[in-house]
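Peer 1: All chains, full assembly: derive it from the sequences and hints.
Chains as they are written, first to last, in my numbering: chain A, 1 to 423; chain B, 1 to 257; chain C, 1 to 354; chain D, 1 to 297.
Please note that the accuracy of each hint is not assured.
[As the list claims (entries may be wrong)] Some chain D residues judged to face chain A by a derived CB distance under 7 Å, without partners named:
1. Ile113
2. Gly118
3. Ala197
In case anyone wonders, no lab produced these hints; they're calculated from the structure.
Beta carbons are placed, not taken as given, at the ideal position from N, Cα and C, and that holds for glycine.
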Amino acid sequence: MLDQSNIFVHLAAGHNSPRPKQFKKERIMKLSKLCLVACMMVLVAGLIAGCTTPQATTQAPAQGADQQPPETKPAEVVIGVYEPMTGAQAAGGAQTYQGIQLAAEQNKEVLGVPIKVVLVDNRSDKTESATAMTRLIQQEKAIVVIGSYGSSNSMAGGEVSEKAGIPVIGDSPTNPLVTEGKQFYFRVCFIDPFQGRVMAKYAKENGIQKVAIIKNISQDYSVGLSAFFRTSWKELYGSEDGIVAETSYQDGDQDFTAQLGAIKDADAIYAPGYYGDAALLMKQAREMGFTGLFMGSDAWEAPELGQIAGAAAEGAVISSHYSADAATSPDSKAFVDAFRAKFNETPNTFAALGYDAFNLALDAIKRANSFDPKAIRDAIAATKDYPGVTGSITINETGDAVKDAVILQVENGAFKYLTTVKP
Amino acid sequence: MAVLLQLDHLVKKFGGIVAINDFSTILHQGELCALIGPNGSGKTTIFNVITGIYTPTSGQVHFNNEDISGIKPDQITGRGIARTFQNIRLFKGLDVLGNVMLGMHIHIASNVAEAIIRTPRYNLEEKVMHTSGMELLDALGLADFAHAEPTSLPYGKQRKLEIARALATKPQLLLLDEPAAGMSPSDAEELMDFITSVMQKFDLTIFLIEHQMRVVMGICPRIIVIDHGEIIAEGTPEEIQNNNRVIEAYLGVETHA
Amino acid sequence: MAAKRNLYLTLVAITVVAILLWFAQENLNPYYQRILTLSAIYSMFAVTFNLIFGYTGQFSLGHAGFAAVGAYVTALLTMSPAQKVANFFLQPIVPFLRDVELPFLPALLIGGFVTVLVSLIVGVPALRLRGDYLAIATLGFSEIIRVLLVNLQPLTNGALGLKGIPSNTNLLYAWGMLGFCVFVCKRLVDSSYGRAMKSVRDDEVAAEALGVNLFKHKILAYIVSSFFAGIAGGLLANLISTIDPKVFYYTLAYQIVGITVMGGMGSLTGSIISASLYTIFLELLRPIESQINIGSLQIPGIPGMRMVIFSVLLLVVILFYRKGLMGDTEFTWDALFRFLRKPKGRNDQEGKVA
Amino acid sequence: MTFEAFMQNLMNGVSLGSLYAMIAIGYTMVYGILRLINFAHGDLVMLGAYWVFYGVAIFQLPWWVTFPIAILLTTLVGIIIERSAYKPLRNYPRINLFAAAVGVSFLLENLAIVIFGGRPKAFSRPGFLDSQIKIGNVTLVSYTLIIIVTAIILCALLIYIINRTKVGMAMRAISKDLETTSLMGININHIITIAFAIGSALAAAGGILWAVKFPQLNPLMGMAPGLKAFIAAVLGGIGNVWGAMIGGLLLGVVEIMLVALFPTMAGYRDAFAYAILILLLLFKPTGIMGEVQAEKV
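Peer 2: Here it is as structure tokens:
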């Protein structure tokens with residue numbers, strides 16, 4: 001049907017020979033069609049494979065788990081990870097994954113079965129997050145999933161895992177909506193209403209009288225925290241009068257001078273958002289002569305914040321989940337040391353949360369003594385005083401962790417532990 | 001004979017440049033009139049004003065005793081004026097028959113929904129368009145190429161196809177913009193015969209732009225000559241040939257004419 | 001004769017596909033179901049973009065906005081009042097939106113209609129603009145919609161987005177809607193109105209001189225295009241069950257342009273093939289990012305590598321299949337038979353015409 | 001608003017606008033010649049900034065060495081892109097070129113994520129750009145003035161090149177009619193490559209100054225400036241260098257002033273920018289400085 005030698009002759013003829021152009025075009029058309037047919041075949045083959053093989057493997061762990069797990073051991077147990085490795089939130093995803101990698105390295109097996117960690121990139125995108133979760137559950141046969149940095153991604157994944165009945169442990173999605181109405185979604189971090197209150201309380205205790213809020217209006221995280229901060233402020237101060245301004249910016253904005261121009265007379269600026277934006281904001285505020293306090297949130301925590309903002313960041317305070325300085329328990333210290341050894345840097349909140357989420361999953365499997373997702377789910381839900389490196393974790397009835405928050409302060413470009421706030 | 005087209009003191013300016021200056025003439029039903037003039041003398045601009053591509057700066061265009069100056073080109077086509085273009089403008093994305101059938105689109109009665117559902121009325125209309133399109137192509141000697149790409153046709157046939165496409169709109173007045181441009185003298189002559197035959201067959205009035213005087217001498221009873229947007233002469237071929245201003249305007253321009 | 005044969009073949013093919021879809025719906029791994037469903041949704045985006053650009057020549061980049069409107073309307077209409085109240089915990093939802101709850105299909109159609117209405121606000125004035133100016137105006141429009149979605153909290157819940165949208169979209173709905181969309185587009189394109197649309201694309205001046213009302217036909221293509229793009233958006237919302245304004249960033253429109261060009265401008269078949277390949281390849285490339293073991297050799301996965309390779313593939317297709325996978329040809333039974341029977345003969349024939 | 005506040009905002013707007021302008025003139029030049037909306041332009045901005053980062057952070061080079069090298073490297077990338085992705089498509093419909101530009105932009109962004117990493121990086125300003133200047137009650141950082149001055153110099157230079165040099169004349173000829181120009185014995189490929197090189201160099205310069213003003217680098221940092229510069233170019237009349245300059249300044253000032261005057265409406269800022277753009281296009285479809293191109297019938 002197709003003369004192979006001819007194809008190469010004509011392709012080799014290249015752009016410079018005008019004569020066989022018509023002929024060449026035909027060949028290329030033909031080639032393209034063959035490619036198409038091939039692709040279709042791959043698709044069909046994939047579909048057939050999908051229909052038949054995986055079903056067999058799913059049953060294995062699940063069924064075996066129902067009775068007596070240690071006797072009928074599956075060949076491996078898959079822990080799925082879906083994090084934004086590309087796209088706008090790639091930074092957070094990468095940090096979280098470092099923690100997970102370390103945890104996976106330290107724990108090669110659970111209940112005597114080797115662990116396989118499968119990372120799937122969710123591209124910081126809802127559609128991809130949903131597909132990624134489906135892949136982890138249906139294709140990779142994960143029995144428990146870790147993820148994801150970014151509440152928006154987590155919500156998309158949560159819809160899929162809920163239907164499939166696979167438990168998920170969120171590492172750092174702090175939006176209350178993530179676990180709302182979900183039986184299978186948990187998290188090892190506190191949620192935004194608490195975080196907002198922590199900062200409002202800090203403001204009150206440190207004599208802040210006038211605050212301005214600058215939020216990233218296109219990020220659910222930032223919008224939520226601002227609202228919770230405002231609510232708590234009102235409770236603590238009795239009125240909203242102290243909030244002298246509330247203004248906003250959008251993803252991609254880097255010039256905050258106009259927003260800052262309006263709020264020169266505030267004692268403090270509360271700007272919950274991602275650290276890249278926050279660093280620029282502080283720098284510009286200081287350049288414009290603002291001398292008050294900067295207050296931020298857990299997403300500020302990154303070594304780059306100090307590097308980007310330089311002197312402008314000095315003294316800024318944030319609420320966060322964890323501090324390597326406050327690592328008092330032996331576990332925490334060991335974690336920090338191991339992390340430094342592996343990655344040559346100090347772990348930040350997200351790495352620590354990833355580490356905790358992974359270890360909590362293993363702990364739940366052990367407590368359930370089973371590979372059955374439902375049993376694991378129940379074990380996670382029953383978690384009480386789990387000694388994580390980010391603090392003691394107790395899962396409440398909504399699936400959220402009840403735990404301490406820490407307040408950190410930027411000192412010489414790094415985050416220093418200031419105090420701990422109980423829930 | 002009834003007046004079909006009446007141009008009253010047309011003026012068209014582009015910025016400071018006057019492209020047409022006080023142009024007036026009358027075309028009667030069944031007339032074949034030529035508009036000639038040197039390059040850049042404003043011939044095509046007059047066509048563009050008549051067909052609504054440009055609105056006149058001042059003056060009016062009356063067609064069938066209706067003032068049509070300033071209305072949109074497609075509405076003017078709907079009133080019964082069709083045209084061809086100097087540089088052939090066929091639709092590459094449609095085949096030869098499709099180009100002709102497009103010309104009939106203006107007369108379609110079915111609406112879009114009917115076209116999508118393919119109601120009996122639409123199907124009938126489509127069928128009528130198809131057969132009359134084929135008839136038209138047949139009459140102009142293009143039937144063999146009905147499903148060819150228009151750009152694959154030889155040059156002369158592309159010209160004919162443009163005329164066929166214009167005829168499909170069922171015009172009373174046909175404007176031909178240099179139909180013989182780029183043709184050899186013998187081909188041009190043949191085309192002119194073709195035009196007269198079409199004119200009789202379809203009961204048309206034709207207004208025709210030509211660059212070379214010689215081409216229209218034989219067939220046009222009346223010739224208007226313009227230069228710099230103004231009429232410099234009007235009359236029978238003989239009168240034009242002997243007009244001093246015309247000779248002056250063309251001198252040095254038409255060395256081979 | 002041949003026409004009748006083709007009609008029967010088409011009917012048989014539709015039946016077979018319908019049965020296959022139904023079977024897949026019941027038995028296929030949900031992961032593959034999701035990929036195939038997404039393929040259908042992206043196909044709808046590509047087909048509708050093809051209609052407005054490939055057939056009518058209007059470079060409209062407003063698809064992200066169309067999809068957003070369709071998605072939000074459909075989502076808000078299908079969510080239960082309780083779910084909506086739970087969602088809007090920062091600022092309560094406006095009462096008239098809180099209390100409506102409609103079945104999926106009517107909600108989808110309403111989503112499509114609302115999309116048309118909203119798109120006309122910019123379409124009516126902007127379709128007078130040509131080429132790139134139209135592109136930037138529509139792109140700006142779609143960004144305006146996104147900004148409004150972010151800011152109008154009582155209507156849209158702002159950046160928090162919506163979650164818990166009933167997951168109504170399945171294979172049958174998605175492919176069924178795609179079928180409906182292709183049917184309408186194909187019928188339109190093949191009709192007298194379609195010829196007029198193509199004439200507008202090829203040469204506006206000549207088209208107008210032949211009595212084609214430019215605006216009417218542009219707006220016609222624009223309406224049909226935005227209607228189905230809105231429906232595709234609604235399908236997407238009910239597939240992923242949660243949406244927020246970031247889903248409808250303007251880059252979505254670029255993706256759609258890329259897919260459509262890959263498939264071939266002016267080929268609906270091409271759009272569908274290309275959209276499906278796009279979705280499938282994105283998934284097929286996933287293993288690249290995980291650790292690969294060849295014997296004792298371990299190649300660590302590089303996160304992000306998938307997207308690099310994918311963009312290279314995209315560029316290769318754009319650079320080497322310059323007319324797209326299908327050019328401007330459609331799948332027809334006759335072409336299939338010719339392809340199967342006499343590939344050589346077809347060469348000669350085409351050579352002659354060209 | 002007090003006069004000082006107004007001046008402060010105006011200066012901030014002009015400095016932001018100058019950055020837009022610098023990126024927009026590269027955009028508009030490439031468009032003028034090839035009628036190509038080069039969406040990869042924003043990613044060249046990103047590359048320019050990253051080269052400087054690596055030059056300073058890894059190789060410890062002084063800024064006056066890194067800046068030219070970064071511009072040179074970005075120019076090289078621009079030329080490679082033009083030769084490998086755009087040139088082969090020159091005789092195809094413009095939509096193919098557009099799709100190729102989207103593909104290139106996609107590739108550059110994803111490559112940057114893999115190679116540079118997704119985490120934002122800190123860009124350290126050279127000291128002389130970091131000093132504070134106080135004029136009355138208006139506080140300025142020296143880079144603000146340097147950005148404005150650089151933008152004006154580059155724009156003037158570009159206009160000189162386009163209007164006074166042989167290459168510039170050839171560029172103008174190509175933008176009028178590519179085919180005829182090639183018949184006149186001008187090496188089209190050569191000229192187009194030069195145009196791309198200049199455009200890329202401008203993008204790099206814009207990127208470096210962008211990083212000076214906003215010292216935070218991430219692989220997607222070029223998207224927003226790229227889009228804004230495109231809007232600026234369209235506002236000014238795409239293909240027109242002065243227009244791009246004016247469009248950029250206008251956009252910058254409007255963006256800042258809008259938020260400064262209506263702080264509560266800050267969330268709608270982009271919507272206003274687009275609305276202005278659309279309205280302008282409706283009343284003046286070719287932008288502020290664009291020429292009306294009469295179609296020959």
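Peer 1: Now look at each hint and say whether the structure bears it out.
Peer 2: Against the structure, the hints come out as follows:
1. With its C-beta approaching chain A no nearer than about 5 Å, Ile113(D) sits inside the 7 Å limit, and its interface hint holds.
2. Because the smallest distance between the Cβ of Gly118(D) and any Cβ of chain A comes to about 3 Å, under 7 Å, the interface hint for this residue holds.
3. Interface hint status for Ala197(D): violated, as the beta-carbon distance to the closest one in chain A is roughly 23 Å, over 7 Å.
The structure shown violates just one earlier hint, number 3.
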